[in-house]
Each structure stands twice: as structure tokens, then as C-alpha cells.
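S.K.: Here is what each chain is made of, one letter per residue.
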Amino acid sequence: MEGFLNALVVFANFVFIPGLAYGAQLALGALGVTLVFGILRFSNFAHGDLMAFGTMITILVTWWLIGMGVTLGPLPTALLALPVGIIGAVAMALLIDRLVFRFYRKQKSAGIVFVMASVGVMFVLNGIVRLIIGPNDQRFADGERFLVTVRGFREYTGLAEGLAIRLPVAITVIVAVIVVVALFWFLQYSRTGKAMRAYSDNEDLALLSGINPDKVVMVTWIIAAALATIAGVLYGLDKSFRPFTYFQLLLPIFAAAIVGGIGQPLGAIAGGFVVAFSEVTLTYAYKRVLEYLGFQPEGLVQLLSTEYKFAISFVILVLVLLIRPTGIFKGRVL
Amino acid sequence: MSFLIGEAMTGGYGGADILHSCTIAVEKGEIAVIVGPNGAGKSTAMKAMFGMLSLRQGRVMLGDRDITALSPQDRVKAGMGFVPQTSNVFVTMSVQENLEMGAYIRQDDFSDTMAQVFDLFPILKEKRRQPAGELSGGQRQQVAVGRALMTRPSVLMLDEPTAGVSPIVMDELFDRILEVAATGIAILMVEQNARQALAIADRGYVLVQGSNRFTDTGEALLANPEVRASFLGG
Amino acid sequence: MIRVDDLHMHFGGIRAVDGASIEIAKGSITGLIGPNGAGKTTLFNVIAGHYKPSSGTVWLGDEDITGLTPHELFHKGLLRTFQIAHEFSTLTVRENLMMVPDRQPGESLVDVWLRPSKVRAREEEVRARADEVIEFLEISHVADEFAGNLSGGQKKLLELGRTMMVDAKIVFLDEVGAGVNRTLLNTLGDAIIRLNKERGYTFCMIEHDMDFIGRLCDPVIVMAEGKVLIEGSAEEVKADEQVIEAYLGRGLKNRPAKKSKGGSA
Amino acid sequence: QEVKVGIILGFTGPLESITPGMGGSAELALKEVNDSGLFLDGQTLVPVRADSTCIDNAAATAAAERLVTTENVAAIMGADCSGVTIGIVNNVAVPNGVVMVSPSATSPALTDIEDNDYFFRTAPSDARQGEVLTEVIRSYDIDSVAVSYTNNDYGKGFSDSFVAAFEAAGGTVTIAAPHDDGKGDYSAEVGALAAAGGDVLVVLGYVDQGGVGIIRSAVDTGAFDRFALGDGMYGQSLIDAMGDSIEGTIGVIPGAEGEGSAKFAEAAKAAGLDPTSSYTGESYDAAALIALAMQKAGSTDRTAIRDAMLEVANAPGEQIIAADLAKGLQILKDGGDIDYVGATNVELIGPGEAAGTYREYIIENGEFKTVQYR
Amino acid sequence: MSNRERIIYLYGAMAILLVAVGVFQSWTLSLTILNLCLISAIMSLGVNMQWGYAGLFNVGIMGFAALGGLAGVIVSMPPIPGAWSAGGVGIGLSLLALVGTVGIAVFVRGRTSGSVRTLATLAIAVIGYFVIRRFFDPAVSAIESFDAARTGYLGGLGMPIIFSWLVGGVFAAGAAWLVGKIALGLRADYLAIATLGISEIIIAFMRNEEWLTRGVKNVSGLPRPVAYEVQLQQAQWFVDLSTRLGIDPISFSSIYVRLSYALLFAVVLIVLMWLAEKALNSPWGRMMRAIRDNRDAAEAMGKDVTGRHLQIFVLGSAVVGIAGAMLTTLDGQFTPGQYNPLRFTFLIWVMVIVGGSGNNWGAVLGGFLIWFIWVEAEPVGGWLMSVITAGMEPTNPVRLHLADAAPYMRPLLMGVILLVVLRFAPRGLIPERSAMAARK
Ligand SMILES: Nc1ncnc2c1ncn2[C@@H]1O[C@H](COP(=O)(O)OP(=O)(O)OP(=O)(O)O)[C@@H](O)[C@H]1O
Ligand SMILES: Nc1ncnc2c1ncn2[C@@H]1O[C@H](COP(=O)(O)OP(=O)(O)OP(=O)(O)O)[C@@H](O)[C@H]1O
Ligand SMILES: [Mg+2]
Ligand SMILES: [Mg+2]
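Chains as they are written, first to last, in the numbering used here: chain A, 1 to 334; chain B, 1 to 234; chain C, 1 to 265; chain D, 1 to 374; chain E, 1 to 440.
Treat the hints as calculated values from the structure; they're not laboratory data. All residues carry an ideal CB built from backbone N, CA and C; glycine is no exception. Mixed in with the good hints there might be a few duds.
If you want the footprint, here are the derived chain E segments under chain D, 3+ residues with CB under 8 Å [what the hints assert, rightly or not]:
1) 111-119
2) 144-155
3) 281-288
4) 332-343
5) 397-411
Okay, derived cross-link-like pairs now, BS3-like style, lysine-lysine, Cα gap no bigger than 30 Å in a straight line [claimed, not checked]:
6) Lys183(D) - Lys263(D)
7) Lys108(A) - Lys125(B)
8) Lys194(A) - Lys125(B)
9) Lys125(B) - Lys76(C)
10) Lys125(B) - Lys169(C)
11) Lys77(B) - Lys215(A)
12) Lys108(A) - Lys194(A)
13) Lys106(A) - Lys125(B)
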């Protein structure tokens, strides 16, 4: 029994919780991507850097707040600064749309042109963020880091193995769930949400129904930018902020969005977890777990060496898509 | 001075002009029908009157207001409804949502209108939850018309509403259109089922290569042998 | 020619085609009518290989062609048009037609690179044929326009035109008439009859215009709710109570109020 | 008049967060030389930066080409990552006969590269460090370790040499797994490491790259509570990041007995740089060496610089430490001989190679404590 | 402006840009850029075949380019006898085992059916896997531990590196065929994720299968297809020549070498371009565009859509592979670490779209222009920064901050230029022919 519990704890500590954390972080990012794709019908490569931008502003404000001696006690101060960050990101997003994407909408350009434009935007944001805050690691997490620490857990349960739950992770997971439900409800049932879907379905007909395209686009960017900032900040709180990492997050985020069914809020969540868990579970060495379960494996019992974790997550995606070509939730064609 | 009138409209899609000083008008409570060969410019004329392509010359009047400069969505607010000829439903949205979108600009409770649409097109009630993209050709057409009816417009413009619908549905559609007209709404439609259409039309236009060839009452046009021969298939 | 045995096509819960069995005689022009949503187009799509049927078989002559891909069927001489026009929007009207003929040497890169003369020769023939069709459909003035820019009816004409680019055994026409000007439609009717008589094409056409059906088709098959209702000559069908109930109807209820306002001629 | 010195580092790309410090240190050295006013009777050194991107060979070559043929630099300090460094050496430096001194390219491949003696480096190759680190860890009689190395030629080569040495010394390496820099999440890697077990986790990576990510993840999950670090992991930012959770961590960095490194640290701090960030000392030395070699050669002729390089870097001669360049310049001016020790105790054993002593440190109550030099 | 005019003007402008670099910076630099422009052009030509002709969304370009690069190593490096004797046999056996497994599997599948078949295949696969590992693992560790610091891999075939260009094409084509078999004929985003995945897998493979690729330790010192500068500088005839031309031997040597590269690359580009143009303007091209426009209709008109997709996908990838091999040749080394999606996938996409997808001339121009910007953005950015800060006095903190930030002007500028170009040529600099152009 004890052995079993230990095995369970080990598994939870090294596979389940990390997977959950990473999954939720990806999901939040994927939500923004999937929304922009769903409504504006292009994959926004600037999303990673928009995340970085929003986070950067939040960080600057956080520092200022801490400087002023304002904190949130156990909770990270960044949460106080978050709204400002969101406003900044939204402003930036709307500005970009005004300067870049609107033109192509009027032109009725092909989706791929939007994508390339977004690559251009990505470069620009890339530069701006580094110009302002530089390329270095920035840490802005204060307050409690752990809900449950390994040591605490051991002492409490008296098990040989420990378990840690980080506060940012908990927040991330909760936020992710809330946001998804909210977004899903909004798109599915609210008047504006329906208008947005109508717009993405058939622009001309939307006009004929008296839907104001500019409003739809604006709302989309506002939500997307807000999501990007939230995702970025929560991620930064858990790990740390470095512009380059945020750019690197782009690929797994896209993977998550697509596998979940592009354009589907619920899919983004599912996709995020699929990617995260396939990375962690397939490359984890199950030696310890099995030992606790009374086996005596001679090797590490590692299905795949960690070098392949990123690649393998894609294999999984392909498999998923083989079984469900439209993604986990029926998404639309890219 | 008609309620809705496109006067001497000239313009096209950027390339050569499609319309050549073509004039279309319709009165409140009246049904006007446009017929003509394929590619004559009927749909273009409709789009022009709805502000979906820019005119080089001519103007569009609604009531006694010049709406030439208005954007399509503003014309909707001004009380115009339009059913395009192609891609006229939201394929990814359910039938019901399609109808709701029709009523987008309405703030009041439109459940009664929806009920009316449903008993006009019973099949739609059955399929209300199904994505419009999965409907049959004729069913789509019914959704499209239903969508336009939801706006409760003062002018209703229909581009070949009966293309691909079964005879019985066509009859009911025309019945309904007559009723709608009777309530004082101006109705302008393009039709290739020209004979049935002209039969209920107060006024008919024959367009050829972007300009008016004949303009007369429905019966008159039906009676006119030349028109019959070259446009109504004998 | 074509035989369909107890065909079922279900989309989730929806039984689009629900046990239809039809037979299309060689050399006939068979009409297929029925209420909207009766399953006509779906039936076409199954026969033409776009859907795999949930159950049932399709025979071409005495060959089982169930589940063959559309292009395989094309090679067997089975063509179809689409109810909602499927033009190649960035190809010109002429190119739309020219791409149709099968086994063009120009479609193999080896020939393109090594035997240009051979390719050119065939191109000429194909172009000539395309121009004939364009003439016939009265769309010469848009021959070099992108098909995407055509008017609704013109697109339908193009659909028909593509089937005229090759010598088909059997052609399935899904509402070519819808949105086509009636006068032109009559000419098309004549053409169909001519193709049928002279070239021995077999036709199966979905239509809602009863005059057109009456003029061309014998026999006429009536579908409703995914099943075959009845089959017979146009007259029989028109007279049939069920058909009137489900499909034809009894004309307008409220006669148009005669007003004596008239425009000027 | 002005003498240009190229500084080519990956200012954008995976290493972008450590290169500013490196570039700064190099420029610090040049500035010091200029301020002394002793350099080649009043000429001044002008740094010219170029971006090696660290990974994009083609772009790096083009950038270097620009430095050499357009900016006409007398010598180049750089590049950072071994891949681009090799590319530049082969396609630009050697063909044009320009001296290149890399502060951080540690790949053995550079040892026997066809370089006509134009390539030098101030970072010792990994082979030696592996042994030193082994000694250190064994001295705490730890005999089973897990290794996580950054997945590039530096990490790989380092890990190879370390594992060999450690096992030769009778220890056991439970697992040696790579980690990619700049990735979003390292729980998979740490999971594997934890499962393999071991008394300490040996991290051979970069302090502000994946390396710290691994450590954070390991600490969070309680997988390891003791760490041993390679030179790339030394840096104040590590302590700032991890706080007291890495008390007792041991490690080595190239560094000399005596005040050289300390002096450099002061100077760097004064100039607003973080002296503990990766490869800053090496960068300073690389630039200093170039300047001194010019002084020795008495000209800015590219070949002359090459020939003077070893003489100023090695004994015999008066030892010159960091922040004391003026003295060296003076001696050389008077035709004397110097042995540049600099910030990291440079010793060039033949072109392309550097030997060095290492400083063993332990982290105690939040700061690096020097234990001894090896 | 008709496309022909555009082609003339824009290519002219591009030439002027390169000449300007030659005049104001240096000819060696100009040629260095040109060489990469040529390679990029070939890559974007390959991508244009897939996207521009057939609308296939391939975001795995990086992988195919890397395969080409690998060919460079396998073809040109000398074999390592020690490594071979250490593990050659093992590798050979494991290969045999692999072939055997597949063979048996196929055989069994032929004989069985239904659930039996799947079970049997699975069983064979599993057994095969262990058999293979049985030979493979020891062999690999033997090879990798053989003089790890210098070699630690099998080496290559020691043939002239030129051949690797062909082989690279073949490698890429093979991989493309595999991916196509699984992923083609389905939704666009499906292909996207599959290609993205496969490219990541290829790179992971190359970074970690050291016995074959030497992994992150890189393979440097690949033989060159052209002369070495240093040798030239020593060769008497060359020195004479340069003195006659009045250029100093050193810079002339690098110019000479780069010119010879440029020549080789140009030949390849021209040949490919000719083939591509012929193909695009033939009935084949027409068919491809038809498929791109409307799969269902094309299928109904008797075109084997999946087959054709596979064909073009393989061809396009092969072209990318060739370019990849050429790049490795030019670098003179193979560094798996350098392959990252931004540089090797998305940048190429930018080239295609900015140049004008569906139009070979456009794609090639895009390759030239975008690479040029990619490289020149850095000096220009730095210069801009110095202009901006010129006004402030040297101690101004803002100035100091900006001075340090100069490198980041590069992405900024890159982005801005990209956006500007896209803004004024939304359909690409040399767009696919328009309806007007189509009128004969
Ligand atoms: N892809 C699909 N998914 C779900 N239901 C479908 C799909 N395609 C068709 N249906 C349903 O199957 C029924 C038959 O459709 P079909 O298009 O065959 O009708 P039809 O006879 O062609 O009608 P019409 O004369 O209006 O074209 C319709 O009720 C339609 O809603
Ligand atoms: N988007 C477009 N761009 C360019 N030309 C167009 C476009 N749409 C239509 N045209 C051209 O304008 C002319 C008139 O088109 P329109 O759709 O008005 O014809 P129509 O009278 O509606 O014919 P139909 O009865 O077939 O619908 C046609 O010749 C067509 O080729
Ligand atoms: Mg029309
Ligand atoms: Mg139908």
C-alpha cells in the first residue's frame, strides 16, 4: 500500500503536476491563437511576441509597484499590475491591426498574406521588446512560491516521496479553466459572439445582416491580446521571462491549437494538455515508480530519451489527427 | 418618384463597366422583377443598389434620401434587406443562428417573426439545429430568404430566391412574397423562373448587357412576344 | 447502365438516402425529381464516388463501382456536374474547359520537358474543342475571364460545358437549369437531346423545372425522404397525387391583386 | 588615428542574453587601452560590433565578411558558438589572414583546425575542466551523480570529458541527458534525471539559459537538493534566481589565483557590467590580448598581430593582470616582454588552445565562496 | 505594369542593390550575399512549387533542407575506418534486421486479414524493434566512443561533395514521399502539423544520432568543390593574375572563390528555373492550379488529386533538399544546431509570399530580396541607431541604453521592411498572372 502511494506521489510530482502546469500554460496561449484564427482566419505568428510585450509591461509596472511598497501578500504583485499590462497589449494589438491587418482585410487578401504580415509584426515586436527591456532573464515573481512543498508534504504524510504544488501553477490552471468556459459561452451564446462567428463564416453576408465588421475585429483583438498577456504573465511567474523563450513557445502553442481543433476554445485546452502530457509521459523514466510497485527494472524504463520530447509530441499530434482529422473538437480548415 | 430607385447606374467591378446607365425602381407595396440573360448584370445591379460595388455614375435613392454613399450595413439599418444569389447562408452556423443573424439589428423580441418563418418553411424548423452548410441546395435557399425576412425590412431585395427550390416551395414563396408586399413592403427580385415571377409582378425590367431593354407591367411583358421568345423561353 | 441497389447514406442521425433503388437504362434521359432534401444530390454524390455509402451497391453495367474514387469513375466515362457550381476560380473559362480532357500528354512532366511538340499538338485539339463549347454556351465574351468572376448562371453553364469536353458514357446533371435563363435553357435541352441521340450519351438529371423535365425526360423518378416514391413517364408522375402533395403543389393560393399601374415601355 | 577591432557575437538568437555582457567586457578592455594613451603612440582602438546569431552560419559569415572587408578591422574578438566560429575561421578569417580570438568557443574541433595560426581562444577546452570538476566533486566524496548538459558542442564535449574522468575516478554516472536552451519547460528532463537518481545533479549549461531552468525545475520538484556546476553556470543571476535553495552548491570556473579576476570584477562593476555573467572575463582577455599583440608588433598589420600573439600571452615576461593593461603597454613600448595573465589567467599553449587554472567555489549563505584554485 | 516589365525592373533593381553593396561596402561581401541569395532562391522556388502551384501548406522546409545538408556529410567526408570496424557490422546487422522486419511484416499482411493482420503486424513490429535494438545499441555506443573528441561517427563515402547536391535532393524526396503518403489528401492544417512534426523529428534525429551525423558536435572541414583561398594565394599563376589585374591577391582570392561558387549555384538555379517555368506553363501546371482551386471538381474531372499532390510535394521537397546540400557545401560544415524554424521555414515562406507565390520569377526574386534584407538589416539598423542617438550627448543614459540595444534594430528593421513590401505589393512583387494577362 505504502509503496503504491509512493509510486502515485512520484508519478504525480514528476509527470502529472508538471504536465498539468505546462499544459495549462500552453492552453492559455493556444486560446489566443485559436481565437484570432477562428474569427480573423489567419494564424497569428506575432502571438508569442504579443505575449512577451504584454508581460513586459506588466513586469515594469510590477517593479514600480514593489518600488512603491505595494504588494499582494502571499499572491504575486504581478496580478495587480496585470490589468495595466492587458491594456498595453490591447492598445498595441489594435494599433497593429489599424496599421497592418486592416489594409489586407479591405483588399480581401488571401489568408497566407495575413500570416506573412503577422511574421513581419512578429519581427517588429521582437525588436521593440528587446529594445525596451533587453533580452535577459527577468524575474518578477514575489509572494509565496509554493502551495505545497516537497518537505512539507513528506512531513505531513510521512511518505518517502514528496510532492510540490506551485502557486502560479494553481492560479494558471484555475484561470485557464475559467477563461475557456467564459470564452466558449461568449462565442456560442452572446449576441456579439454570434456576430463574430458569422463574420468569420461569411464576411459579405455579415455586412448584409448589419453586423459592423470593425467592431467584431476590435473585440477579437481585445480578447486575444488580453489572453496573450494573461498567458504570458502566468507563464513568467512560474518559470521566468525571457523574450526568446516566449518566441520559442510559439510552436507548441500552434501545435496545441491545431490538434485541439483550430478555432475551438475547448480544443485549445485539450490540445495544450495533449502536447504537454505527451512530452512528459513519453520521456519519463518509470524506474522509480515501478520500483515502488515492487518491480526491479534494470534499465531506466524510459520509452524515449528526452532529446526527442519536442519531436515526439508532434508524432502524437499526427496520430491524434489520423484518428480525428478535424482535431479533438471539430475545428475548421486552416 | 419611387420608394427605392437606382437611377442611371453605371459601374462595374473595376474592369470594364457592367452596368450602363441602368435604372431600377420599386414602389412601397409593389413587386418589381428583373429578368434577363445570364451575365446581363442583374445581380450586379442589385449589388449596386445595395452599395456592394461603387458606381461611377448615377445614384441610389431610398424614400427621398440619397443613399449612394451609404455602406451596406448602414443600408440595412436604413431598412433594406438583401438575399444574394450565391453564398447566402452562414454555412458553419445552425439554421436557427442564421435566422438570428438576420435579426441582428433588431433590438425587440423577434421570436414571433421566427415562428412565421418556420411555418413558411417547415423543413427549417426540423433542421434548426443543423449547420446550414449541411443542408440541401433548396433548403439553403429557404434559409437565405428566411434570414432576410427576419430583418423586417421596408425594402426586400431577392436575387433568384427560387433557384433550386421545388415547385411547391416556389409557390408558397411567391404567396408569401405577395403577402409581404401587401403589408406595404417594397420587393425587388431577380428571377429566372421568369414567367411565374412576372405573373405576380407589378413591374418588370428586362436587362440586357447592363442596360434596360424593356420596362413594363408584369402582364404586359408576359404578353410581349419578343420578350417571351428571347428571354422567357417561348 | 447504372443500377443502384438498396442504397443507404447516413450522416450521423440523418438518413439522407434511405434505401433507394433505381435503374438508369442505357441511352435514356432519366429525370430525378423530389422535394428539397429528398436525397437527390446525395444519391448523385454516392454514385459519383464522393461519399462511401453506408450500405448498398452501385453497378455500372455488371461492374460493381461502389466506393471507387471520382477520378476512377471519370475514366469509366461517368461524369457529373455540381448543384452549387464548382468552378476553378483562378483559371479562365477556356482553361476550365481545357483541363478536363483525360490523359493529355501535357499532364506528364516528362513529356512537357522532353516532347514539347507532342504536347503542343494535343493542346491545339483541346483548345479547338473548348472554343466550340464556349461558342455553344454563348459565353464567348467571357472566355478569358477568370471563372471566379462569372455570374451565377454563367458558372452553371460552365459546369455543363465541362461535361461536353469529353465523350462520356453517362452524365449526371444536378440542376443545371437552376439560375439559367429559360431561353438558353431550351437550347441546352436541345443540345442534351442531340448528345443523347447522336453520341448516345446516357443522362440522369435533377431538375425542379417541370416543363423542362417534361420535354426531355423519360422515365422520371421521384424521390422523397431518401426513398424512391414512384417512377414513370412525366405525365404519369405529374398526375400522381402523392407527387402533387409532396412536390408539385397546386399553384398560388392568393392571386396577385390586379393593379393597373404600369411602367412605360 | 583609429584602429578598428571587430567584436562578433550572437547579439540575437539563443545566446542573446549573455552576449551583451561579453561584448561590454571586450569594449571595456579596449577602452582601458585607449585611456592609457600609450597604445601605438596615441592611436585609438574602435570596437565594431557584428551579430553572429550564434546559429546561422550564413549570416555570421556575411557579418564577419563585412567586418574584414568593409570595416577593415585589424583583428576580431569572437565568435561565441563553435559552429559559427568554425565557419568564420574557414571562410573569412583564414582566407583574409585576420586574427580571431574567441572567448567561448570550446569545441575540440577548433584545436586542430587548418587556421594558419590565425585562430586563438581564451576559454580553455573542456577536456581539462572535466577532470578538475571530477576532482572537486570527489573531494566531497560523492560517488554517484546525474548529469544534465546543454545540447550543443560545448555541453556535449564537456559532458563527455567529465563522464569519462568521473568514471575513471571510480564514480558512477547514473544518467547524462542533454537539455535544449531556450525551451519553455524542463519537467521532462528533470523527471528523467530524478528517476535515474544520484547524490548531486551536475549541470553543464549556461546560467541564464536552460541550465537555470533545469535547476529551478529540480528544486521545485525536490528531485535534487545539491548541485555541481560547470563554468557556464557561474553567475550572480543564479543566486538571485534560486535564492537559498541552492546552498552548498559546488562548482568550478576558469580563474586565477591572485587578484586578476578580482580586479576585473571591480573594473566591470564600475563600468556597469555583471562580472560574474558567463565568459565576461574571457572576453576581456581576448580583447586585451589583441591590443597587447598590436603593441608588441608595433603595428596593426594583421599578420604581425598573429605572430606577436603567443609572446604577449605567455611567459617569459612580467605578469600582467586585468585592469592593469597600461603597465603592459608601457613595458611593451619600452621593448620589454610580458606574460598576460588577465582576468582568467590566460595561457595560450600553441595557437587555438588555452590552458588555465580553475577556481573551485561553493555557495554559502547566498554568495560564491572561493574554496581553492586547481 | 505588366509582369514582364516588373520582372525586368525588379531584377534590375536587385542587381543594383548587390552592386551597391560591392561599391560601398566590398565586392567579397556582395558576392557572399549573392551566393546565399542564389541558394535561398532555389529553396523558395521549391516551396513555391508546393504552395504556389498546388496549394500545399508545407511548414517542414527546415527538415528537408537539413536532409540535404546531411547528404553533404555522408557523400563527401572520408570514412572513419576505426569507427567502421568498431560498429560497422552492428549497424549493418541492425539495418538487415530492419529490412527483414519490414519484409516479413509486408509478407504477413499479404497473407492475413482483419484483426489477425493488425495483431500480427504489431507483434512483428515489436519483436523486430527489440532485435534491431539488440544489434544497434552496442554498435552505436562503440562508434560514438571511438575518438569521440575528433570523430565518434562513421564518416562518409569520401566522394566529391558536388554529388551530395543530387543525393540531398533524393533524401528530401524520400522523406517527402513518406510524409505525403501519411498526410496528403487530407486537410491543410493536417499537412501543416505533420510537416512541422516531421521536420522537428528530422532535426532531433540529426542532433542526437551521433554515430551518423556527429550530432551537436558538428562535422566541420567538408571538402570544397572549389579552390581554397590560401592555396590560391600561394599559387604563382594566381599571384601573377592578380598583379596583372592590379588587385591584391588576398582579397582577389576570396572574390575568386566566391565567384566560382556563384557560378555553380547559378547553373543549378537556371536549370531548375527552366524546368519549373516549362512545367508551370504547361497543361500540367494548369491541372495543378485547378486542383489548388477546387479539389472536388478536379477529382470529378478525372484528375488523381492525391497522386498529383504527392508528385508535387516530392518534387518541391527535392528542390529544397538540393538547396540544403548546397548550403552545407558553402558553409563547409554541417551543424544540426543551426536548423531552426524561423530561419529555415518561415523566412523561406516570407520569400515566397513577398516575391509572389504561384510565380517562379516572383519566388526567386523573393529569395534574393529577403535574404539581402536579412543580412543588410544589421549594418543599416546599427547605422540608424547611431543616427538616432547622434543628437544626445555621450553620457545620456538613453543613448547608452540605445547603443547597447543596437543589435535589436535588426529584427525591427527586418519586420518593418517586410511589412512595407507586403503593403505595396499585397499579392507579391511579381504576382501570379491576372485575368487580364491571361487574355491572349
Ligand atoms: N454532409 C451532410 N451532413 C449532414 N446532412 C446532410 C449532408 N448532406 C446532405 N444532408 C442532408 O441530407 C438530406 C438530403 O440532401 P440532398 O442535398 O441530397 O437533398 P436534395 O434532394 O439534393 O435537395 P435539393 O433539391 O434541395 O438539392 C438533406 O436533408 C440534408 O440536410
Ligand atoms: N466579381 C466580379 N468581377 C468581375 N466581373 C464580374 C464579377 N461578377 C460578375 N462579373 C461579370 O459581370 C457580368 C454580369 O454579372 P451578373 O452576376 O450581374 O450577371 P447576372 O445578370 O446576375 O447573371 P445570372 O442570371 O447568371 O446571375 C458578367 O459578365 C460577369 O462575368
Ligand atoms: Mg445573378
Ligand atoms: Mg440537390
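S.K.: Indicate, hint by hint, whether the structure satisfies it.
M.R.: Hint check results:
1. 111-119: violated (count 0)
2. 144-155: Per the Cβ count (3), the hint holds.
3. 281-288: Check failed, 0 qualifying residues.
4. 332-343: holds (count 7)
5. 397-411: holds (count 6)
6. Lys183(D) - Lys263(D): Given that 30 Å is the threshold and the Cα spacing comes to 36 Å, the pair is violated.
7. Lys108(A) - Lys125(B): Violated - the C-alpha atoms of Lys125(B) and Lys108(A) are around 35 Å apart, more than 30 Å.
8. Lys194(A) - Lys125(B): holds (20 Å)
9. Lys125(B) - Lys76(C): violated (42 Å)
10. Lys125(B) - Lys169(C): Answer violated: Lys125(B) to Lys169(C) is near 41 Å, above 30 Å.
11. Lys77(B) - Lys215(A): Within the cut-off at roughly 16 Å; holds.
12. Lys108(A) - Lys194(A): The hint holds at about 22 Å.
13. Lys106(A) - Lys125(B): The hint is violated at about 36 Å.
Comparing the model with each earlier hint shows violations of hints 1, 3, 6, 7, 9, 10, 13; every other hint is respected.
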